[in-house]
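A.B. asks: Taken in order, these protein sequences are the chains called A and B. When the letters of the first sequence are read in order and numbered with numbering that gives the first Met the number 0, they come out as residues 0 to 127. When the letters of the second sequence are read in order and numbered with numbering that gives the first Met the number 0, they come out as residues 0 to 160.
No wet-lab data here; the hints were simulated from the structure. All residues carry an ideal CB built from backbone N, CA and C; glycine is no exception. Some hints here could point you the wrong way.
What the hints assert, rightly or not - Selected chain A positions facing chain B (Cβ under 8 Å, derived; list incomplete):
no., residue
1, Ser-10
2, Met-13
3, Arg-14
4, Phe-16
5, Thr-78
6, Leu-82
7, Ala-88
8, Thr-89
9, Ala-91
10, Pro-108
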Amino acid sequence: MGFSVLIVDDSPVMRGFIRRVMTLSGLEVDNCLEASDGEEALEQLRHEAVDVILTDINMPRMNGEEFLRRLDSEGLLRTVPTLVISTDATKARMLRMLALGAEGYMTKPFSPETLRELLERVLGGKHA
Amino acid sequence: MPEHLHPSNVVAADPDISGILTRIGAEVLETMFFDEAVATPCDHSWIPSAASVSVAFEGSHYGEFLLSVSPEVARSITPSFLGVDLEDVADGQGSQVLLELANILCGSVLSHLWPESDLRLAAPELIRAERAIEDIAHQCFVLQEGMLAISIRKCRPDGPD
């Protein structure tokens, strides 16, 4: 049985790259939703549940930090594991995102193996 | 162009920048494109026809990161990045991939150069190719399809006098 994922990134080509790496990782994805920023992602989550969220940080309208705060205030962070995928590998940024409730932090670029390991960890092997 | 990138504001590069450009550049390119990238000395004869992108940064350090690719690499990276055939690449996707690649390379190189830093990156923008190698620390790579160069220009935080 596969899992459902929401990819949040303002770059359509980056969303395409993440989909490609997910396919290469061998993970079984049943449903892949996409949003171009936190606001669009919250709107999608009001209509459809997902097993895991992958989010960028630097996005227009609602960035990744604000998106995590809103997920927390709406009680979604407790039920949907959220992983950050960013170009920013500085320690300060990683610690800030983990403190806001992200369950993992992956820097771009990343290999199919790294993505698989992280998703298997947060999904607890139930879907992967 | 942000004020701190004015030519009068450019400062000498740290001696360890070249080594990091070489190592991190190769790692990122191989991870993104599943292909070998070999650092090489270069006469830059390909630069006038290159597509170039600048990413300005500010915060604990100031400057810009630059990426240049030869026309052959510009054509081939989009299908490789997205895992599609060349004829399936949509209009505009080539530029988007180039901007995204510059953003990823910049974030990765800066994080390794200054891991304790707090930096803000501007949105990547296409620039004239010659600026990508003028007065700057840089490294060229040979890819299967052509040439690629990455560069860093470090600046003082204040604007020009």
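A.B. asks: Can you give the numbers of the hints that this structure goes against, from lowest to highest?
C.D. replies: Of the numbered hints given earlier, those the structure breaks are 3, 5 and 6, listed in rising order.
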